[in-house]
Amino acid sequence: MTGLPKILMTLGVILFIIGFAMKFINLGKLPGDIVIKKENTTFYFPIVTSIIVSLILSAIFYVIGRFK
Numbered sequence: 318m319t320g321l322p323k324i325l326m327t328l329g330v331i332l333f334i335i336g337f338a339m340k341f342i343n344l345g346k347l348p349g350d351i352v353i354k355k356e357n358t359t360f361y362f363p364i365v366t367s368i369i370v371s372l373i374l375s376a377i378f379y380v381i382g383r384f385k
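In short: position in the sequence shown from 1, add 317, done, that's my numbering.
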């Protein structure tokens with residue numbers, strides 16, 4: 318199997334794993350995420366979540382790059 322079918326299957330597996338992880342890991346409200354609540358507004362900046370997602374995606378792309 319080469320080309321587009323292999324890429325689509327890989328992306329499907331990655332999306333499945335991410336969806337499964339998001340079901341059981343509370344990825345939007347980690348300690349270190351910045352939340353500022355005022356009278357009528359709420360500012361939310363998920364800095365720790367962004368760092369963790371970046372590390373996970375970097376590892377995934379590193380592994381994928383090693384197989385190419």
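These are computed hints drawn from the structure, not numbers from a lab. Keep in mind that a hint or two might mislead.
Straight-line distance between alpha carbons at most 35 Å, and here's what the computed DSBU-like set of lysine-lysine pairs gives [claimed, not checked]: (1) Lys-354 / Lys-340; (2) Lys-355 / Lys-340; (3) Lys-385 / Lys-354; (4) Lys-323 / Lys-340; (5) Lys-385 / Lys-323.
Hints violated by the structure (listed by number, smallest first): 3
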